[in-house]
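Build the full structure now, drawing on both the sequences and the hints.
Sequences listed follow chains A and B, in order.
Going left to right, the first sequence walks through residues 1 to 316 as UniProt numbering numbers them.
Going left to right, the second sequence walks through residues 1 to 315 as UniProt numbering numbers them.
Treat the hints with care, as some may be off.
[Claimed, not checked] Anything over 12 angstroms on all C-beta distances counts as not near chain B; from chain A, calculated:
| id | residue |
| --- | --- |
| 1 | VAL119 |
| 2 | PRO253 |
| 3 | SER275 |
| 4 | PRO276 |
[As the list claims (entries may be wrong)] Residues from chain B shown here face chain A by an in silico Cβ test under 10 angstroms; the list is partial:
| id | residue |
| --- | --- |
| 5 | ARG217 |
| 6 | VAL225 |
| 7 | ASN228 |
If you're looking for bench data, these hints aren't it; they were derived computationally from the structure.
Every residue gets a Cβ at the ideal spot worked out from N, C-alpha and C, and that includes glycine.
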Amino acid sequence: MTALLSLEGLTKTFQTRRGSVRAVDGLDLEVRSGETLGLVGESGCGKSTTGRMLVRLLDPTSGRITFDGTDITALPQRRMRPLRSELQIVFQDPYSSLNPRQTVASIVGAPLRVQGVPVAEAHARVREMLGLVGLDAEHAGRYPHEFSGGQAQRIGIARALVTRPRLVVADEPVSALDVSIQAQIVNLLSGLRRELDLALVLIAHDLAVVRHVCARVAVMYLGRIVEIGDRDAIYDAPAHPYTRALLSAIPLPDPVAERARERIVLRGDPPSPASPPSGCPFHPRCHKAESRCRVERPVLSRVAGREVACHFPETS
Amino acid sequence: MSAPSLAEGRAATPPPLGRSPWRTAARRLRRDPAALIGLGIVLLFVLMALTAPVLTALNGHGPNEFHPEKIDKALAGAPKGALGGVDGDFWLGVEPGTGRDVFSRMVHGARISLLISVLATGVATAAGTALGLLAGFSGGRLDALISRVMDLVLSFPQLIFMIALVSVLPEGNRTLELVFVMGFFGWPYVGRIVRGQALVLRSREFVEAARAAGMTRARILFREVLPNLLAPILVYATLTVPINIGTEAALSFLGIGVRPPDSSWGQMMATAMTWYQVDPMFFVVPGVCLLLTVLAFTLLGDAFRDALDPRSATR
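Take a look at the structure:
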């Protein structure tokens, strides 16, 4: 399969009062068409920044974004517009992402209006889309405040999918919802992805959600990918100490297994991206760190069926 | 009605349509007695101002007609008769010294007072909204520049500067001059509110969603952001009208408002100052008008604020 979207050396630097912060630091990534890629990591690791750069809501400081063979890194908004229908985003907070002064029909139809779809056709497509996300046609005339969080997120998903995009970035789509609703929305997203055959980049800190939905997983730490590969390879045998630590924090349903397993508790907080550590950015918290880690930054390299950026990867 | 038919009736009722924030607000307003009283008084005065020529035709006295027979020359021009010369012909008495009909001058004064204050509010609101949006939405240097200008205008002692400004302006249409001078000193108040709100809205995800959909900046500003600002703008504008009515009255009172022979409430009060011991009624008429309109607009503005606040409990 060819890459639908590829990132090369993507970097985003934010200027703050205390100096510049490198939120994303030389990211290389490919998303193939129709695949599901999970982007996981602690808060502040740059995953949301990456997601927003993918859909050109943020401009990268350097690097290249190629979508379907077109370099969109610096495409002006006017030329970007036709591509917007193929590249969409679902936001975290469903209420904040819906304009309180507009009806559902107007919100969901907005991307179609921008693309110049005739009113009657747009209307029909909005209705169809509302049906697909499990809302009634009569909801079209209502306003966001009349919906629950889960329903509101369905509206957000409908808006993202109404133009039938080929790639959707979902930025923490369920973390603002009640736990009881999360599964519904995750399943909806995952079902629609299959049905509409689109590529999904799921940004989440909930590893269980990512495991459920994504075929491929990328783990980010301090603006970089530390491990990327197929879901089973990563979840069953994580090679990077950071991935191991993250996975060991997932509670297991089986109490015997839960008690028996080794739990890796990370020391301290993630370092500030404003002053990243030398060498491997993970070394201050890593239990395997040696002198080499403090000096030399590891690059992604192929180990046991996945790519990992570590000098001493686990090879169990 | 029997119980089963009641239940059927309820089941047959179609599901409620989406209620827009505006419709919710209108419903709340209809249930708010203060809002209704305020609205009633405002409409009454607006109607009075609009029909001023008709009303003066009805009593047969133009606002600038002199009636020397109604005043007592021996008493330096004090009105003849009780309560400043009130009778069946002169409903609110006559002006001391000239004998002009107070009712006619009051309704024509309403025209000028309301026209100037509403137009000045319009100018301030339009300029404040445009510049506030620009500042809040563009950020950076433009924001800093506009914000400093707002601070500067707000730091002027306004009445003194208005007096100075109106005095040095070339002879022209005094009404228009007052509108623009009052508008000029009023826009930063609206501008600050709009800028603050725009800053908040700019970071809301629905603005990002609009950008992700490929909307142009202008469209995002006018279709996505502005509708969310209309409520606070409306509230502030409604509360600015009474302030402007007061300012216009103050300027006219100080002699730099409307030019004679035009009347305005402030100008009438200024004339009444010299007569208040002999003819207190002449003071009361414009005073009550001023009080009522200011009170009514304030009630209405407060009611708008409550009704448009999505956090307030009643739906």
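- Query: Are all C-beta atoms of chain B more than 12 angstroms from that of PRO276/A?
  - Reply: Label holds. Min Cβ-Cβ 26 angstroms, cutoff 12 angstroms.
- Any CB of chain A closer than 10 angstroms to the CB of ASN228/B? For ASN228/B, the interface hint holds, since the closest Cβ of chain A sits about 6 angstroms away, which is under 10 angstroms.
- Item | Least C-beta distance between PRO253/A and chain B, which was stated to exceed 12 angstroms | holds (34 angstroms)
- Task: Under 10 angstroms, Cβ to Cβ, is where VAL225/B needs to be relative to chain A, so tell me if that hint holds or is violated.
- Result: At about 9 angstroms, which falls below the 10 angstroms cut-off, the nearest Cβ of chain A leaves the hint on VAL225/B intact, so it holds.
- Task: Report holds or violated for the interface hint on ARG217/B, using the least CB-CB distance to chain A and a cut-off of 10 angstroms.
- Result: holds (8 angstroms)
- Minimum Cβ-Cβ distance from SER275/A to chain B exceeds 12 angstroms: It holds; SER275/A is separated from chain B by about 26 angstroms at its closest Cβ, greater than 12 angstroms.
- Item | Closest CB of chain B to the CB of VAL119/A still more than 12 angstroms away | Given that every Cβ of chain B is farther than 12 angstroms from that of VAL119/A, nearest at about 16 angstroms, it holds.
Hint check: no violations occur; every hint is consistent with the structure.
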